[in-house]
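Enquirer: Here is what each chain is made of, one letter per residue.
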Amino acid sequence: METTRKLIRKQSVEKLYNALTSNRQVYAPVVAADKQIEYRYNPGFAEVTFGHIRSTLSVKNVVFPKVENLFFYTNARSESTITDIDMSRIPEVVLWGAHPCDNAAFDTLRSIFCWDIKDEFFSKRLEKLAVIGLSCHLSDEYCFCTSVGLSPDSKKGSDILLSLLKNGDYHADILTEKGNEIVKSAADLFETVSDEKEVITEVKQKFSHEQVTSKLSAAFEHPFWVENSLRCIGCGACAYVCPTCACFDIQDETRGKNGKRYRSWDSCGFGLFTLHTSGHNPREVQSQRWRQRIMHKFSYMPERNESLGCVGCGRCSSGCPVDMNIAEQLEALQNI
Amino acid sequence: MARIGVFVCHCGENISATVDCGKVADTIGKLKHVAYSTEYKYMCSDPGQTLIKDAIREHKLTGVVVSACSPRMHEPTFRKACAEGGLNPFLCEMANLREHCSWVHEKNELTTEKAIDIIRTQVEKVKLNSALQPIRVPVTKTSMVIGGGIAGIQAALDIANCGHKVVMVERSPSIGGHMSQLSETFPTLDCSQCILTPRMVEVAQHPNITLYTYAEVESVEGFIGNFKVKIRKKAKSLDEKACTGCGLCTTKCPQKKIPNEFEQGMGMRPAIYVPFPQAVPNRPVIDKEHCTYYIKGKCKVCEIVCPTKAIRFDQPDEILDLEIGAIVVSTGFDIKHADFFPEYGYGKYKDVIDGLQFERLASASGPTAGAILRPSDGQVPKNIVFIACAGSRDPAKGIAYCSKICCMYTAKHAMLYKHKVHEGNAHVFYMDIRSGGKNYDEFVRRAIEEDYVNYIRGRVSTVYERDGKLIVKGVDTLLGAQPVEIVADMVVLATAGVANPGAEELAQKLHVSYDSHKFFAEAHPKLKPVETNTAGIFLAGACQNPKDIPDSVSQASGAAVKVAALFSQNGLTREPLVAFVNRTAPPMYSTCVGCFLCQSVCPYQAIEREDFKTRDGKIIKTVAKINEGLCQGCGTCVALCRSKSIDLYGYSNNQVYAEVVALLNEF
Amino acid sequence: MSDFEPKVVAFVCNWCTYAGADLTGTSRIKYASNVKIIRFPCTGRIDFMLLLKAFANGADGIIVSGCHPNDCHYTSGNFHAKRRWIMFKELMDFMGIDMNRITFSWVSAAEGAKWADVVNATVTRIRELGPYVSYKEMVDKSVEEEVKNG
Amino acid sequence: MDNLVKRAKELLENKTVQVVIGYEAGPTGVIRPAFITDPEKAGKLIYNDKCDQNLAVYLTKKEVKNFGKMAIVATLPVMRSIMMLISEQQLFAESIVVLGISADGNLLDIADINIMQGYIEKSDLSNPEKYKALLAELNKLNPEEKFAYWQKELSKCIKCYACRQACPMCYCTRCTVEVNQPQWIPVQANTHGNMEWHILRAMHLAGRCISCGECGRACPVGIPCHLLTMQLTDQVYTYFKVYAGTSDKMNSVLSTFEPNDKESFII
Amino acid sequence: MSDNIYKPYLMEIENIVEETPDVRTFRLKFKNNEDAEKFVFKAGQFGEYSVLGEGESTFCVASSPTRKGYIECTFRKAGRVTNALANLEIGDTVGFRGPYGNTFPVEQWEGKNLLYIAGGIALPPMRCVIWNTIDLRDKYRDITIVYGARTVSDLVYKNELKEWEDRPDIKLITTVDPGGQTPDWKGEIGFVPLVLEKLAPSSENTVAVLCGPPVMIKFTMPVLKKLGFQDKDIYTTLENRMKCGFGKCGRCNVGKLFVCKDGPVFSYEEILTLPEEY
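Protein chains in written order, with our numbering: chain B, 1 to 336; chain A, 1 to 667; chain Z, 1 to 150; chain H, 1 to 267; chain W, 1 to 278.
Since the hints were derived computationally from the structure, they do not count as laboratory data. Keep in mind that a hint or two might mislead.
Straight-line distance between alpha carbons at most 30 Å, and here's what the computed DSSO-like set of lysine-lysine pairs gives [to be verified]: (1) K118(B) with K42(W); (2) K257(B) with K162(W); (3) K44(H) with K146(H); (4) K241(A) with K228(A).
Covered by chain H, according to a simulated footprint, are these stretches of chain B (three or more residues, beta-carbon under 8 Å) [as the list claims (entries may be wrong)]: (5) 225 to 232; (6) 238 to 246; (7) 293 to 300.
Note that the coordinates shown come from a computational prediction; the quantities given were computed from them, not determined experimentally. Ideal Cβ positions, reconstructed from N, Cα and C, are used throughout, including at glycine.
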């Protein structure tokens, strides 16, 4: 679809938001009581933040929830039956105000969930998702979108991308048919573009991901991994806050004769992630697991999924309790 | 392939009166994995048991739930029946429909539903039961008796007479203990030595008893049936085989001014000595602390005079390694000495003595040849005061308990005194007279009524010296707390019996618990008074708490029976409901991380360490391991273990979890 | 809530309370049938997680009972249990989990009547408190949470 | 902190230790753990009041232990952690050198465990001041409010187990949450399952928590989970008059008992 | 069938064989006939077997694709799911997802000699291809099977071993570790590599399939090399932990390869290019 750019006034943004929340689930960022940025469904417009750098958690849960029920079952004496999930109950969601890195991550996730065999849960959720992104006018030292081929105003993954203008109004880039539908539903709010300057933050490029990828192909045995993962304590924080990490576990939970099988987030950083029943563990120590994390994102995924497993949001680094700074490590890696 | 059989018992009408057994059996029969469900009037009857056995075979049952009375009643019955039916007995569980349901609830829907719930819970549990085999522990049929007092002697002789080997370890140079120091014994006033010494000789001569005197337990490892004990045989500086016990050395020893322990310091002995004339073994030892040769490097008079050249100055201590199957601890007690009592002069008045010292004075073989004479001037005391409960029952002194023997021996002392000093006056201050025991109270009455001992109920506040006399100030509570003052020539304190010095250290070596007074602790105050918490270690005599001779002897015989029972079979068979620490393939070996907090919760010292090593002996990992011989299956370690690496057969995590889930959910 | 029948799970040790409950039966003392017993060798064996699991599976009340102090068949299991329950109770109180729903008791093998009293008192109290709605809601809400998440 | 650098360099040079665990400033200025093996790089070590991570967590980490003998920059919580680790047999006193840091940030001379014990015993072992107010505030809430508060907080938990991984006392090879027979703790992160996890964690740390607050600091979503363990630390002291990590021979509160332990709720 | 790739087929247990006290073989039949008709698989592929309520466990299809209408699986009681599976009986329901993964290139092997070498519980992953080739016996030349286990009671598929032994067109060598034999044991006694060395099969026009515990593989490989086998003519299977079975859950990869997609069958030539993550 041909993309178009329109103007939406500051006050119209509120109208658009309210129009959307009146008939849809709108998932928008707010500043919680403990100062954490979190996404909530249909918060009042006054609560919605436009000035955040990054939410604590990514928004991947709209397409890859913490827990996704795969089916329900009943175990009776003679008969076990399976009841499918009614996918039509998956709600239409508008993701509001998510930054370009988060939105680009949907493509990355798609490259995992839909390569080879298509994952219907993910696809359906993505299908029912419309993304009204917001370019970044703020950034911090953890941001490195420009190093992974993105930018503070990348359009990838957004249906509409808003960009703040100096006067407080927004440019709206209408990028997809879905975006167009939204615009059409509130056509009067969108005006023709002005020549007001956009406020886009500058994110310095720290490394070249192509170079990292090429270096990694021969870096499996490099001492780098041990040296640089000593302080990693092996929690799953980086994976769980990451917008593109898609590792999951499949478990059953039963109450009485009824139960469900679900998939839930998992992390390659956990020691037991790859543990065999025999006790053998192919990735026994943390350095091997840290290597897996980086390799997966910057070497295996480019080769197997034709996408980079990182969008440069910096959450893993800002959320890491021991400052395992991924950008710093990648910068070092491109020079090994 | 779980195939569970459920057998619902009517117990006559005991269950069926309030529980609809037919409905229960029906409903349960519809549960997943229940292959067979039936009801019967009396499951425990022969036909009932046959029903179970037949069903096991016919339906290839992998588990059985007998829904009847309390498992505390008939679990063994039904487990046996299952075994006879070809099912491992530990794959049988009972659902308690009678005591916990039919007898305690009215007849209604809810009661029947509860019965179903109870059974369903057991069905879920039994699915997870494991086929267990009884644990067999080999037993070394040699026992060790620590302490050669009357309790130890009795235990040793009883065990030896059952045909089992006994090693007796005695710390001092002779066996005999406190009883050998006593003059006469209550309530019969027969001579202590006369009844004791034949027993001592019997010990020495018994073919099944090996006696190590002047020896101490160095360390104890292992567990019931399989203790590994190290004994330190202290050097006696003597070749015991060469020595004939002629006694020449002891008479020639130039060092003769050493306070005699046996005489409670009221006599002297040489540096090479036999503790008392009837000592067993009757061989001297050299007291290295006081021997001139050991102190100054020259003397050797004993060596010169010894006709058989038996003296060995360079003899080292010897460490013996013994394999022991059971241990009797009979290390006895000690008493508080007069110096513990500031109010009675901290022991500075020579004529304030303790009970044991009085025993020596009254003993025909004692320092005064049986004459009651004042230690200070050798005069016969005309007025003598006995103070009972000196220290005992006095929380302020840290001794809240009753020493149990003092009432009786004080009566005996007063009586002995009156028998020897007819014109003298004997006064006894007491709190209560505790004379429970065969012929005991009669004995005390005799002291009061026939020997005119003056019993004053009240406590003595102070004793002080005035003009060579001891002024005893007290009150007579029977006369309205009237002050009493007695001018005495001698005061005898019935001081509290306390744990032996070293008891705590020994308890720690043995891994048995001890109470706050350092007395050894029995496994159960009522039902296991002879056992300790550590299987295979038993108690006899006053090391547990102060006891008189008959009590000590009874307990010793009790301990001996426990040992003999243990030795009566080739091995020990135990219910396999014990804890275990999981094992996994290398390199993990176990999910146990080796924090060993479980060791401190285990009341039985059943948790040991297991090292996993590389081929060249480097320790890779140390994890906990349960000694099946010791574990009693309480499961406290299981609930404590953070990594859930310990589990308990019969009450596994999986089982109890399944029970909770089954009890609360519809199936 | 007149037809509310509380579900109460009792975690008891084999040697004292289980035997005490047997005695209640032998003495034919009646008590509420809402309580169902799970037998453990010792109170020391009772994992605090089981109590949470009981609530999660829909229990409205819990009884935990074992030998009186100093009476433990294994000498010290109940002492360890006591410390565990002290800590557990403090934590539950701090988190606002209703400790009025848990009865901790010592019932000896001779206290058949006390067992009936403990059961009846607990059931009466739970009846007054009603179903443990707030806990059940949390459990149910957790399930919904997942469904909605997207 | 010249003294610290000097001492670390010395220890590495004379091969007393093979690694020094301390703090360094990362490229973004964030303080983070450092593992110095080369004496020439000892200069990277820093210490200031932002160095608040409990480094003792690394003393049980395989790759760090593989270096050999370790020196560790140790503030009071680290020292107490070391005591706990030794008493729970996860660490040998001989395998470490403690570079003690006093409350005012100076290098202490901790020659051996006894000296460290002396220092710990002199220190205030109650929960740090900064947490006391919040604890007190929470304790004032009524049960419903408390339950609501914790439900809200714990609904955020994503089960990343940063709290566990950051805790020096959570050194188990296999955590209870990784046990699936039975599945004690649900794998998925929902409020109820999260609450069970945090109760389990707090109970496992009862009498073992040394009040470093590391679990709360590590939490990426800001759950004050340290308050749970700290509340129990307070209660352990109230009931049993002990603080964890004061001796290398202590037994934890839940693995010991006194016959006269007082409680008021067991009928 | 819905689009739900996580939803298993419901299978009924038609038969159970207790191979050893720990090892069971299930014969599973599709509950739904349509599923049965549509279902195709090839030798070497695996699936996710589940007990509803306990979870899924990964193991290969142990029966041959030449035998229609059912699949078989063999598993050892080790974890939660396999324990639960072992508790099932005939008529019970098992969930099955699959087939997943690549296959043994049996077509390429036509006209060649086949040498199967398996140890212990690693015979099941090979049983499928063994039967596959036996059922198409005339397409292959010599078929030799070397199978070893720790003890006689650890040998699985005892009935089939008998059948293979009795067939003139198959050479079967069974062996047990020293000390693992019973008095009436007629097979070899000794470790697989040594037995293989003694047997010294020709590598000429021969494909070797090798599955077993790592230590067996470690000592058998040099023997095969000594016998002149090329890396490309030696096949094995890798068994990393997996959850999804189709390259999404992120667990089973060895370097960039997914065992669940690119495996489980690998030639030694490929194995040598992989980082050591298996």
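Enquirer: So, for every hint listed, does it hold in this structure?
Expert: Evaluated hints:
no.: 1; hint: K118(B) with K42(W); result: holds (22 Å)
no.: 2; hint: K257(B) with K162(W); result: violated (42 Å)
no.: 3; hint: K44(H) with K146(H); result: violated (45 Å)
no.: 4; hint: K241(A) with K228(A); result: holds (27 Å)
no.: 5; hint: 225 to 232; result: holds (count 4)
no.: 6; hint: 238 to 246; result: holds (count 3)
no.: 7; hint: 293 to 300; result: violated (count 0)
This entry does not satisfy hints 2, 3, 7, going by the numbered hints stated previously.
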